[in-house]
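Given only the sequences and the hints, what does the whole structure look like? Please build it.
Protein chains in written order, with our numbering: chain W, 1 to 276; chain U, 1 to 324.
Treat the hints as calculated values from the structure; they're not laboratory data.
Here the structure is a predicted model, which is why all the values come from computation and not from measurement.
Take a look, some chain U residues computed to stay more than 12 Å from chain W by CB distance: (1) G68; (2) P69; (3) A83; (4) A85; (5) A86; (6) Q92; (7) L102; (8) V168; (9) P171; (10) P208; (11) A224.
Between beta-carbon pairs, the in silico distance windows are: (12) W:L77 with U:A220: 53 to 61 Å; (13) U:Y323 with W:L77: 39 to 47 Å; (14) W:A171 with U:Y182: 53 to 61 Å; (15) U:L102 with W:D175: 54 to 62 Å; (16) W:D70 with U:T310: 36 to 44 Å; (17) W:A51 with U:R315: 52 to 60 Å; (18) U:V128 with W:T6: 21 to 29 Å.
Quick look at which bits of chain U chain W covers, simulated, 3 or more residues with Cβ under 8 Å: (19) 43-51; (20) 128-137; (21) 189-195.
We put the CB at the ideal spot given by N, CA and C, even for glycine.
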Amino acid sequence: MAEPRTAQGRMAGTHGTLILGAAVMVIPFAWQLLTSLKTLTNATRVPPTLAPDWRWANYAQVFELLPFGDQFLNTVLVAVARTAGQLLFCSMAAYAFARLRFPGRGLLFGLFLSVLMVPPALFVIPQYEIMADLGWLNSLGAIIAPGLFSAFGVFLLRQFFLGLPRELDEAARLDGAGPLRIYWSVMLPLAKPGLLALGILVVLASWNDLFWPLIVNTDPEQMTLSAGLASLQGQFQTDYPVLMAGSLLASLPVIVVFTVLQRHFIQGIAFSGNKS
Amino acid sequence: MVMTEEGIAADRAAVPAPAPGGRARRPRRWTAEAGWAYLLIAPTGLGLAVFYLWPVLQTGYFSFTEWGPFGGHEWVGLDNYRALAADTEVRQALVNTLLFALLGLLGIPLAIVFAALLNRPKLRGVSVYRALFFIPVVTMPVAVAMVWRWLYNGDFGLVNQFLSVFGVEGPHWIADPATALYALVAVCIWAGLGYNIVVFLAGLQAIPREFYEAAEIDGAGPVAQFRRVTLPLLSPSIFFVSVLSVIGSLQLFDLVYVMAGSGQAARSNPAMPRIQTVVGLFYDKAFYTNDRGYAAAIVMALLVLIVVFTAIQFRLQKRWVHYG
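Right under this line is the structure:
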C-alpha cells in the first residue's frame with residue numbers, strides 16, 4: 001500500500017505549499033485589520049502584540065481627517081459613469097467591427113488597437129490641457145471624461161460578438177431587422193457575460209486608479225478615495241492605525257464585489273489573457 | 001491564433017447575403033450598413049481621437065518645446081533631448097525602471113508553480129485558494145502600498161519583528177538605498193501573483209489530459225512531463241504574462257508614489273534616487289515643477305523603451321513559444 005500513501009503525501013505537500021502561499025497573501029491584510037483597531041501607542045509597541053484595543057474610533061477619525069463620505073460618493077459616481085459609458089459605447093463599436101461590413105474597417109480597428117500599446121503617461125499632459133481649457137479641473141467631469149472611451153473594451157467585446165453564431169443576424173435580417181435593431185435586441189442580450197466581465201474590469205480600474213485623479217483634482221472634496229488616501233499620507237503626521245482603517249474602508253467595496261462576482265471576473269481575465 | 005480563426009469567421013459573417021437568384025449583385029443595403037457602422041463607431045472613435053490619439057501627437061510635439069511659468073510654450077528643437085541624455089536623475093530612473101521590469105519577471109516561475117499545484121486533479125478548495133491569492137490584485141494599490149509601508153517600517157514593522165525572531169536586525173526597507181528597490185519589487189510580485197496564477201491556470205486547464213497519459217506511457221516522470229508537455233504548451237501564456245509584466249513594470253507609478261512619497265516627502269527619503277521610476281519622474285516634472293516640455297521628452301523616451309522591449313520579446317518568442 002505504498003502507492004496511495006505517497007499520493008496522499010504529495011497531496012498534503014500541495015496543500016501545505018498552497019496554505020503557506022495563501023498566508024503570505026492574507027497576513028498583510030489581517031495585520032492591517034488588527035492595526036486599524038489599535039491605539040497608536042499599542043500599534044508601535046516592540047515587540048508587537050496581536051491583541052487589538054478595539055478602537056473603532058479610528059474608523060470615525062478617517063471621516064474627520066478626510067471628506068471620506070464625499071470621496072466615497074465621488075468614487076462610486078466616477079465608476080458608475082465610466083462603466084455605463086464604456087458598456088454602451090464599446091459595445092456599439094464592437095458590434096460594428098465584429099458584424100458589419102464597411103470600407104476602412106481594418107484600418108480603423110488598427111487605429112483603435114494602437115491606443116492599447118501607448119503608455120497612459122503619454123496622454124495626460126494634453127488631456128490635462130483639455131480639462132483646463134474646458135474649466136473642468138477639480139470636477140468629477142474631468143475624472144470621468146477620458147474613461148468613457150476605451151480601446152480595450154472594444155477589443156474585448158468584439159471577441160465576444162465574434163463568438164456568436166452568424167445564423168442569428170441572418171435570421172434577424174430575414175425578419176427585416178436593421179443593424180441597430182440587431183445590435184440592441186439580438187447581440188446585446190447575448191453578450192451579457194462579456195458585458196458583465198468588462199463592467200467588472202472597468203469598475204475595478206476606475207475604483208483603484210490614482211494617476212489621473214491625482215493630476216486633475218487637487219480639491220479634497222472632488223477627489224476619489226485613491227487620491228484622497230494618497231494625500232492623507234503626505235499631509236498628516238503618520239497615524240498608522242487611522243491610515244490602516246482608511247485604506248481598509250476604501251478597498252473593501254471592490255473586495256466584496258469581487259467575492260460575489262468572482263466567476264465573471266476570472267472569466268474576463270481569462271478572456272483578455274488568451275488574446276495572444 | 002484564436003483571433004485569426006475568429007477573424008475569418010467574422011469576415012464570412014460580414015459578407016452580405018447574396019441576393020435572391022444567386023447573383024452576387026451589390027445590394028443597396030450595403031451603403032446603409034456602412035452608414036450604421038460609422039454611426040455606431042463614432043462615439044468611441046471621436047473619444048479615442050480627442051483623448052488618446054491626438055494627445056500622443058501633441059506630447060510628441062511638446063517634447064520639442066519649453067514651457068514658461070504661465071503656460072505658454074516655445075519651440076526649442078532638440079534641447080530637451082540633449083538635456084535628457086546628460087541628466088543623471090533621468091538615467092538613474094531609467095536604470096531603476098529597467099530593474100523593476102527585469103526583476104519583476106521572477107514572479108512568473110512562482111506563479112507557474114502555484115498554478116500547477118492548483119491544477120492538480122482532485123484538489124479540494126481550488127476556488128478558495130484562488131480567491132485568497134487574488135485579493136491583492138483587486139485591492140486598491142494605494143491601500144496595498146500603505147499596508148506594505150507599515151509592514152516594512154524599520155522600527156515597528158512586522159517584517160523586522162519577524163526577522164528579529166531569528167536574531168536578524170532588518171533595515172529601514174523603503175528608506176535604505178541598498179534595499180528599497182528590492183523591497184518594492186517584492187511587493188509588485190506579491191500584488192500581481194494572483195493575476196498571473198489565473199492566466200496560467202486557464203492555460204494549464206486547456207492542456208488535454210491525454211498528453212500526460214501518453215507521456216506517462218512513454219515512461220516520463222513528473223519532471224520530464226513538466227519540461228516536455230507543460231512548459232511548451234504553456235509557453236503562449238508565459239509569453240503573454242511576460243509581455244504584460246514588462247510593460248506594467250515599465251509604467252510603475254502608484255506603489256512607488258505612495259510608499260516613497262512624492263514632492264517634498266520624496267525629497268526627504270534617502271532611497272528616492274534608487275527607486276524613482278520614469279513615470280514618477282514624469283509626474284514630478286509635469287505636475288509638480290511644471291516643466292512640461294521636459295516631462296514630455298521623458299515619456300517619449302519611455303515609449304521608445306516599451307516599443308524596443310516589446311519588439312525584443314516578440315522577436316525572441318519565435319525561439320521558445322509554441323502554438324499548438
